[in-house]
Amino acid sequence: MKALAARRHHPLAFVVILLLALAATGGLYAAFQPRDAQAESYSQDDVDAGKDLFLANCASCHGTNAQGMQDKSGATLGPSLIGVGAAAVDFQVGTGRMPMQNSGAQAWRKAPQMNDEQTRQLAAYVSSLGPGPSVPDEDQLDASKADLENGGNVFRVNCAMCHNAGGAGGALTRGKFAPPLQGVESKHIYEAMETGPQNMPVFNDDNISAKDKRDVVSYLGALEENGSPGGISLGSFGPVTEGLYAWTIVLSLLVGCAVWLGAKAK
Amino acid sequence: MSTTTPTRPSTEAEAPASQGSGDGRMLRLGAVGGDWLDRRVSGAGLLRFMGRKIFPDHWSFMFGEVALYSFVVLLISGTYLTMFFVPSMDEVVYNGIYAPLQGAHVSKAYESTLHISFEVKGGLLFRQMHHWSCLVFMVAIFVHMFRVFFTGAFRKPRELNWLVGFALMVLGMVAGFTGYSLPDDVLSGNGLRVVDGLMKGIPIVGTYISMLLFGGEFPGHDIIPRFFTIHILLVPAAILGLIAIHMVMLVLHKHTQYPGPGRTERNVVGFPVFPVYAAKAGGFFFLVFGIITLISATTAINAIWIYGPYDPSPVSAGSQPDWYMLWTDGGLRLIPGWEFTIFGYTVSLNILLPIVVYGGLLVFLALYPFIEQWVTGDDREHHLLDLPYNAPVRTGIGVAWLSEYLILAMAATNDLIALKLRLSINDLTWTFRIAFFLAPIIVFYVTKRLCIAMQRQKRDLALHGEETSKVVRMEDGQMLEIHEPLNEFDRWVLVQHDDYRPLKAGKGVSSLRAAATSFFFKDRVAPVAPSELREALEHAGHERHRIDELTGGDYTTPDARRH
Ligand code: HEM
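Protein sequence lines, in the order shown, are assigned to chains E and C.
Under this note's numbering, read the first sequence as residues 1 to 266, first letter to last.
Under this note's numbering, read the second sequence as residues 1 to 563, first letter to last.
Calculated from the structure, these hints are not laboratory results.
Being a predicted model, the structure only gives us computed values, none of them experimental.
Accuracy of the hints is not assured; some may be wrong.
The calculated DSS-like cross-link candidates involving lysine-lysine, where the alpha carbons are at most 27 Å apart (straight line), are [as the list claims (entries may be wrong)]:
1) C:K420 - E:K110
2) C:K458 - C:K470
3) C:K156 - C:K504
4) C:K522 - C:K156
5) C:K420 - E:K176
6) C:K522 - C:K504
Residues of chain E placed beyond 12 Å of chain C at every Cβ, according to the derived structure [what the hints assert, rightly or not]:
7) D46
8) G63
9) Q67
10) D71
11) A75
12) T76
13) R97
14) Q101
15) A111
16) M114
17) Q140
18) G183
19) V184
20) E185
21) K187
22) N204
By construction, the Cβ of each residue, glycine as well, lies at the ideal position given by its N, Cα and C atoms.
Chain C with its partners taken away, still in its complex shape:
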């Protein structure tokens, strides 16, 4: 279904019950089931309510679903793995079938992971499914989050749902990290070592926190059982709970939609959840499941038998965390080894500063809806999405945030980039250091300018219509181009967006807020005003009249006419 044409089923969120006559058979089926259920749990009301919810349709709205479905795959595959995984750091001698490790002293956790990989039926497939679906889950969360960001879907009334989503993203990272640490191979041990270092870098309490987490000196004997509980119980339960809240809020707020004809702040145009959307969503679930299975069956991930059992001495080249944790490693690789001692305590700026940067990036993202609301002072509800170019400063900020994130992530892979592109790792580090400070500014500016240029272009289009590249020379020698005016629907999309203006300090507006509004809106391109549009249409009509008088309404070129 397209974003511009209202199609049959409904333009009302709560349509009258008689409405779905074309789906009669389905509804009758539903009615039988519903009746049965209703007599037992009085669920009919809820079912009718849910079934008639409208869900708008656009591919960019489907990443939330991808996250949801890959989470389901995570749960299924993870459950299988728990049946064979042994969360223990007790030492055993490996005597499984993987020859290059026979006789090695390894932990039970590592041994059981090898056992799952090589001896349990379907074990390796499930391990790979679990890991790939984790990567897909985090990719989907990221894309989803930035879809929400760039379209302004976080605005009132959805700020709280944004926060719930943000918590889900952080929990996703925690889930991934704790899972990555469980097999007790060299890479997972290195990851833990970094966390240990990060904690010990916190002055005074750091050592205690580390001792508490690891149950003694790193690596100790407790960390894997502890992480196991966190990984399979606490975090998934929290994620499930938050997803439930996320979905309930989604239903309460109704889904947003892109601007289009017939779409207002007061309706939702799309398909009813039952049966159309439910069928589609079901199909999509199987597609996501299928893609993850396909990838897992064909592509290796986390070959722990190559990394070897954890032992603090080896560090492999190319030791990196999973992608969603890369950025937390980048700062550590970029910062020079700054440290000083005060009252006998070592203050490790080379650890504290990155922690501050990471925290800053996250907090900014979490609070952005509130920051923007404070700037605009807008307390209306928004159910129509912004097209990203209509919010140049927000879009610029988002892209700048992403560029910072990307630079940190790339810095964490500096050795691989150097190896593959035949570059010097030292030069790369310096490049990233400089880029860390410059790139966000440049990227912000360029993005904002691009958005504004697009706004101008769309504005022209709304006022003057499409250029046809046909030019008519009038009798007085004037050249006029024939413009094809837009239809009402297309024009509406281009003229509907909000307009905010910079504020002046005073009259209850603080100078800080005035400065902020100026930063956001001083270069604004005003949307087309009705009077302006009227004038432009009049002008166009007049011009068209002159052209028609001359050509008799025949716009073919003299050349074409000759044939």
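Just chain E, with the same shape it has in the complex:
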């Protein structure tokens, strides 16, 4: 506190206060803006705790005010998070992508480093910076209200070209890839559509309505629940893995039998 008091007369204090005020109005706007009824309401405590977490874990790339940062050569260290919304944070942090570690073609999914509470606080902080899509609520994910057939159709038309019809994942250009969707939590699927992480396009409610999103999420859940009625799915990659299986496992069984019969006849 002492440190803070000493800084109060610092010339930059004014700028900071101005920024905070701006952020606060942004947050207010977010709270009242009509499109995304804030599914989850965050308390000021959440926002404060989130800010602390943010400064400790994220600011090195995204800047102390989440305004984004560039290194000396002008390459982005982390994009601005103002207006990305709670959904983006919940997705990125909840799937372990953020805080980011490697700098490859793409941020990887890994074991989440923040617990649910911390994730919520970070989301609270970022959503307080500017309006953006929020974390979906129970109702938006409720599979019992979903139309699976429509979900399957929407998925095959909009997502399968990158993620594969079985959700097994697929390659994009230059080493980038769309990850497999098996085992991804429903809310993260929903958020991925809302926020379009990295090379995935954003599917806002004009492209795919909230109802369609619920259908997609439920369809993927149903696919997973059904499992593979035919037995081992070989990763749902289709004809190529099936062919590989025929050339390796089945062929060795056959050769084994042929050699064995040959030996028997001796």
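Since chain E is already given, all that's left is putting chain C with the ligand on it; use the hints.
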């Protein structure tokens, strides 16, 4: 039974009838049945003829049988499927038990396939058996074909049977492709779309051909009923007929055998078809049947409910044809988008060039026996197989052909390779493009060199016998290694192969043929000549004599003697 020892039953193709006394009971049984049949159809002659056919025994000869047996499984499982499949593209609303598709507008073909999968008893098992046996069938055909290729079994008099076999392979691809297209799911529709594109890529007539096949604009309403007829009637009938011809020719020519003592161009060493081979073949049939059933009961294939009903808009990542058609997709993925327009017609080189490459690869394979015969000028009959290393250029060509095939097939899976190995798909495409031109050359050269190295090594072995790593120092300080000479049988295998030489142009030999013979045989390793062998044996005897004089015939080391 081994490939080197002649075992009891017979070394004659047509053995005298009194020969099988040990199998007396079986024969008596056979005689009763035979007599019964003979009185009605005079079949005894045929039966006796077939029963006493000799079939040599080697595991590499069994892939033809695997193809045959998996074809039987295909017929059985396919027949079951036809009872429930509805070959129609009429639209219906799905209301079966698979919840995620309830209410979907699908074709009857797709609906009935879902019905077979989820509601017909044993339906899914039969579907999977049908598809797995198709993959196994094509694998077996491939392995069989290259067994025949690498051992030179296609040489006179079997060139025609090679062509029949080749036709069977192509028909197998047609059968597989038409079958793959029947369920009318997204993958099968994508496959048809590619065929449609290939046809439309042919200048001038392409569009008409496509319209004819599809009965109008793609996809139309006719393609599935048409493919159904082709798939369940025309192609299987053609395959059955050709298999019959294949087998008749096999019996007429008699089976080839690997070189070995007692095996000549004029006999076949092995077991008589009845009872030994028949029993074995029967056992093998059940093993193949069992393996296919086991795989089908445990491993999913072509989950069409995941791909969804065909609709031209979705294209899934990882859309590929079955493995035996992969190579036809590879060229399309590798070629840059070259196109130009002439007199208002678009000439799509990006489609025409791959078609030319595919055709070239196939035609070369079909004609290879004739090409080789033209080069060697050899019109003798061959019933003894070549060991692949004794035909370095042929083996090299075969492996180069396979490498080209493999590169095309891998190019068709570039997205999956990129995904699984975390590679860039763009880099992969370039790698495959370069490999398409370089790999066959490198692979040919390396294979040929390896074969020649093996030939040299075997030649040394035939001449000097096995090294024992025991060295004797003579009194004058010379070091001599003790060699264990090969027995006659083993040596015979190593010295029996044919020798061809490059020809000089002129005297009725065209310069093209001279060049071809030079390409085939300029690096040849001559087989061991009798005089050479005599000399080597003499030399070895002399050396052995000196060693024996010194050691008194006791080859144990002084160290070992001390103990
Ligand atoms: C439907 C597919 C096919 C079936 C059911 C089949 C069946 C067989 C069988 C059972 C044999 C005797 C056993 C053996 O040598 O493996 C055989 C021999 C032979 N096959 Fe096939 N085959 C098929 C396709 C092919 C293909 C694709 C080729 C080559 C293009 C081919 C060329 C030959 C030749 C030349 C022989 C005589 C081999 C010898 O005597 O050493 N066949 N076939």
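Status of each hint after checking the structure:
Between C:K420 and E:K110 the alpha-carbon distance is near 17 Å, which keeps this suggested pair within the 27 Å criterion. Restraint check for C:K458 and C:K470: satisfied, since their Cα atoms lie roughly 20 Å apart, inside the 27 Å limit. With a C-alpha separation of about 24 Å, the suggested pairing of C:K156 with C:K504 holds against the 27 Å cut-off. Between the alpha carbons of C:K522 and C:K156 the distance comes to roughly 23 Å, so the proposed pair stays at or under 27 Å and holds.
Distance check on the hinted pair: C:K420 and E:K176 sit about 12 Å apart at the alpha-carbon level, within 27 Å; holds. Note on C:K522 and C:K504: the hinted pairing holds, with a Cα-Cα distance of about 11 Å set against a maximum of 27 Å. The Cβ of E:D46 sits about 38 Å from the closest Cβ of chain C, beyond the 12 Å cut-off, so the non-interface label holds. Every CB of chain C is more than 12 Å from the CB of E:G63 (nearest about 30 Å), matching its label as outside the interface.
Every beta carbon of chain C lies more than 12 Å from that of E:Q67, the smallest distance being close to 32 Å; the non-interface claim holds. The beta carbon of E:D71 is kept farther than 12 Å from every beta carbon of chain C, the shortest such distance being approximately 24 Å. With a least beta-carbon separation of about 20 Å from chain C, E:A75 lies farther than 12 Å from that chain, consistent with its non-interface assignment. Residue-level check passed: E:T76 sits 21 Å from the nearest beta carbon of chain C, beyond 12 Å.
Residue-level check passed: E:R97 sits 17 Å from the nearest beta carbon of chain C, beyond 12 Å. For E:Q101, the shortest C-beta to C-beta distance to chain C comes to about 16 Å, beyond the 12 Å cut-off, and the non-interface label holds. Every beta carbon of chain C lies more than 12 Å from that of E:A111, the smallest distance being close to 19 Å; the non-interface claim holds. At roughly 26 Å, the least C-beta separation between E:M114 and chain C is larger than 12 Å, which holds for a residue marked as non-interface.
Remark: the non-interface label on E:Q140 is consistent with the geometry, its nearest Cβ contact in chain C lying 20 Å away (cut-off 12 Å). Taking the minimum C-beta to C-beta distance to chain C, about 16 Å, the non-interface status of E:G183 holds against the 12 Å cut. The Cβ of E:V184 sits about 16 Å from the closest Cβ of chain C, beyond the 12 Å cut-off, so the non-interface label holds. E:E185, annotated as away from the interface, keeps every beta carbon of chain C farther than 12 Å; the closest lies near 19 Å.
Its beta-carbon lying about 20 Å from the closest one in chain C, E:K187 satisfies the requirement of being farther than 12 Å from that chain. Every CB of chain C lies more than 12 Å from the CB of E:N204, the least distance being 20 Å, so the non-interface label holds.
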